[in-house]
Structure formats: structure tokens, C-alpha cells
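K.L.:
So the sequences go chain by chain: A and B. Using the numbering used here, you'd call the opening residue of the first sequence number 20 and step up by one each time. Using the numbering used here, you'd call the opening residue of the second sequence number 21 and step up by one each time.
Please keep in mind that the hints were generated in silico from the structure rather than gathered at the bench. Among the hints, erroneous ones may be present.
Straight-line Cα separation of at most 25 angstroms, SDA-like style, residue types lysine to any residue; simulated pairs [to be verified]: (1) K69(B) / N49(A); (2) K88(B) / W103(B); (3) K127(B) / R129(A); (4) K63(A) / F71(B); (5) K57(A) / G61(B); (6) K57(A) / N89(A); (7) K130(B) / A106(A); (8) K57(A) / Q62(B); (9) K63(A) / Y45(B); (10) K57(A) / F71(B); (11) K63(A) / G63(B); (12) K127(B) / M107(A); (13) K57(A) / N44(B).
The chain contents come next:
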Amino acid sequence: DAMVIQNPRYQVTQFGKPVTLSCSQTLNHNVMYWYQQKSSQAPKLLFHYYDKDFNNEADTPDNFQSRRPNTSFCFLDIRSPGLGDAAMYLCATSTSRGLNNEQYFGPGTRLTVT
Amino acid sequence: AQSVTQPDIHITVSEGASLELRCNYSYGATPYLFWYVQSPGQGLQLLLKYFSGDTLVQGIKGFEAEFKRSQSSFNLRKPSVHWSDAAEYFCAMGRRGGSQGNLIFGKGTKLSVKP
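With the rest of the complex left out, here is chain B (with noise of 0.2 angstroms):
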């Protein structure tokens, strides 16, 4: 079954210090990849996305994203976090070939940032 794993329901960090939250996919092929991030009352808003070639891919806000395809991982990271990176983060599947633009999504990651 196509599906897509955040393991992490919620990840508390220091300002400054390194992020990565995980995610993990479930896909006979290789899928289109994203990562969404929500702000509190917000819609999502795209960050980066996967669909072939260099598997590091550079995003907004500072965050990139690198795809294993042995591990059927795409976590996501940042060097330095900041306060404003308080957020939940989805990733986000895609089915490579479907006509339909279906995005199966993770349950989302809830990142709180300590001053």
C-alpha cells in the first residue's frame, strides 16, 4: 500500500541547534516527494520537492531534503533552526504517472522551538 510515515509526532529544539525530521514512504517506484510546512492558522505552504536528479534538494527558508532510495526516506533538515521554524511539517507523496495530483500525506511532525 502507497503511504507516507513521520515517525516523529512532535520534536522540541533550540533555537540555533540542527533539524531533521524524518519521513518515510511506502511506494513501488519512485515516488514525487514533498515537504509542506503549517504555520498556526495557516494553510500549507511548499518547501522543497523531489521528482528526479540530484537527491539533496535545496528549499525555501533554508531547508533541504535529501532522498535515500535505499532507506525510502526523505528527511528533512536545517543547520540552524529559528524561532519563526515553529510549525508542523508534512511530507507528502505524490504517485509518479497518476493523472490525478493525489498527495498522500504524513500525519505531520508539530516542531517547537526552545528560546
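Isolated chain A (complex conformation) (with noise of 0.2 angstroms):
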């Protein structure tokens, strides 16, 4: 089945150790998104890739990043967690940016940070 794909589920870092979370798909589709849910808080966008054009939420710090180097994956890199950092982070595609299409989530990875 085409599906959107995190790896890994359970990341547990130390504070200051850069991290990096992946994201396969499968669906071929155009846009990947990044996500970040903390516990009992709505997801919040990061950034997203439309192809190969990167677009930064204007709130989002300097210690995330991202690298997508082909269609079907997407990395978000953590350059200096922070405890303050520790979320679920959710990785999501459509097959365009306009909102008549529907997002696909992967199942996320939950990033401890000790």
C-alpha cells in the first residue's frame, strides 16, 4: 500500500546531540510537511517542500532544518535539542499545496530529549 513512512517511531537524544528524523513516501506526491506536536498541543507546521522549493513557517527556530534529497524522502534535522524540543513530530504529503488536497500522515516519531 502507498503509505507515508517515519523512522524511527521512538528517538530518545541527549541535550545539545544533533538528531535527525526521516521520512519515506511512497505516494510520489509533490509536498512533504514536518509537524510538530507537543504533548496535549495541536500539531504545528515547521516547514514544507513543494518539489524541491523550501518554505519555512517564519516562526520556526534556527536549530531545525530540513533536506529533502529526492521525491520520496524528507529529513528534519535537530541541530541542538533542546528539552523544550521533545515532541511528536509528524511528517505529512499531498500531491500539491492548495487545500483541496488532502494531507497523508506517517505515524509520527516521538523525540525525547534527556
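Taking the hints as your guide, dock the two standalone chains into a single complex.
P.N.:
Here it is, written out as C-alpha cells:
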């Protein structure tokens, strides 16, 4: 089945130690999104790629970066994780950026910072 | 400011009972509206969406939602809840005309189902 896959599902990192989260998709969608969802809070968009075009949200900290080496893969890099970065990170895809296009979500990666 | 409010953090209903989850939005025009469901350990799945037209929208798994402009609401309903409906439900809003595809989510309502 076509899907959005996130690896790992659970990630533990140390304060200040760089960490990379991975997302892959078999849907061949043009757009890939990264959301941060803290405990008991709504998912919040960090950034998205439309094809190779990177679009950062204005309030996304510089500590968060992303790479999209090809259509199928997108990575979230946290350069120096702080305790406040502990959250569920959700990857989503859509065929286009228009809101008539459904976003398909992966299962998420839960990040713990020790 | 654009926002989505889900007033109920946690709701418990008995299996077979009806369900209504509330969602209110704040936006200067008619937004795109969505309901997503998130089962434990799973990603978000789209239940239904409203863009225009008929204000009563049918979705998957027997869910429906009604857009009420006068109340700025988009409440989710199901006539008879099943135990498998226990999950967290998110209402989301997209900005009409926006090119970024940005969804603004509510904080979610956790649904528990009693046998």
C-alpha cells in the first residue's frame, strides 16, 4: 500500500546532540510537510517542501533544518536539541499545496531529549 | 487571529450512544475545514472536509459534520459510537487562498468509549 513512513518511531537523544528524523513516501507526492506536536497540543507546521522548494514557517527556530534529497525522502535535522524540543514529529504529504489536496500523515516519531 | 478551538479536551461516551465533538474557528472568511482522527501510535487520518456547498458533510467511518457559518462551528457527529472510535480527534482549518497548504489545528479532543 502507498504510504508515509517515519523512522524511527521513537528516538532518544541527549541535550545538544544533533538528531535526524526520517520520512519517506511511496505516494509520489510533490509536497512534504513536517509538523511538531507537543504533549496535549495541536500539531504545528514547521516547514514544507514543494518539490525542491523549501518553505520555512516564520516562527520555526533556526535549530530546525530540513533536507529533501529526492521526491521520496525528507529529513528533519535538529542541530542542538533542547528539552523543549521533546515532541511528536509528524510528516505529511500531499499532491499539491492547495487545500483541496488531502494531507496524508505518517505515524510520527516521538522524540525524547535527556 | 486565525484559530481553531476544541472546547472539550476529553469526552467519554457509552458504546452505541451518539457523539458530537465541538469545533469553533476564527477566520475572516469561510475557511476550509477538516476533521482528522489519530489512533494511539498512528498518524492522522482524514475523516472529512468542507470546502463549499452542502453544509452537511459525510465522511468515512460513519462520521458527519455540519458547517454553521453563523456559529463559526464545524461539529463532528456520529449517531452510534463503536469501541474502535476511541481515539483523538483534531479539527483543522486551512486558509482559503493560501498557497502554503498550512493547516491550523485545534488541540484535539480525546474520545473514550465505555462498554
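K.L.:
Decide, hint by hint, whether the structure agrees.
P.N.:
These are the hints, each one checked on the structure:
{"no.": "1", "hint": "K69(B) / N49(A)", "in the structure": "holds (21 angstroms)"}
{"no.": "2", "hint": "K88(B) / W103(B)", "in the structure": "violated (28 angstroms)"}
{"no.": "3", "hint": "K127(B) / R129(A)", "in the structure": "holds (17 angstroms)"}
{"no.": "4", "hint": "K63(A) / F71(B)", "in the structure": "holds (22 angstroms)"}
{"no.": "5", "hint": "K57(A) / G61(B)", "in the structure": "holds (14 angstroms)"}
{"no.": "6", "hint": "K57(A) / N89(A)", "in the structure": "violated (28 angstroms)"}
{"no.": "7", "hint": "K130(B) / A106(A)", "in the structure": "holds (18 angstroms)"}
{"no.": "8", "hint": "K57(A) / Q62(B)", "in the structure": "holds (15 angstroms)"}
{"no.": "9", "hint": "K63(A) / Y45(B)", "in the structure": "holds (16 angstroms)"}
{"no.": "10", "hint": "K57(A) / F71(B)", "in the structure": "violated (28 angstroms)"}
{"no.": "11", "hint": "K63(A) / G63(B)", "in the structure": "holds (14 angstroms)"}
{"no.": "12", "hint": "K127(B) / M107(A)", "in the structure": "holds (14 angstroms)"}
{"no.": "13", "hint": "K57(A) / N44(B)", "in the structure": "holds (21 angstroms)"}
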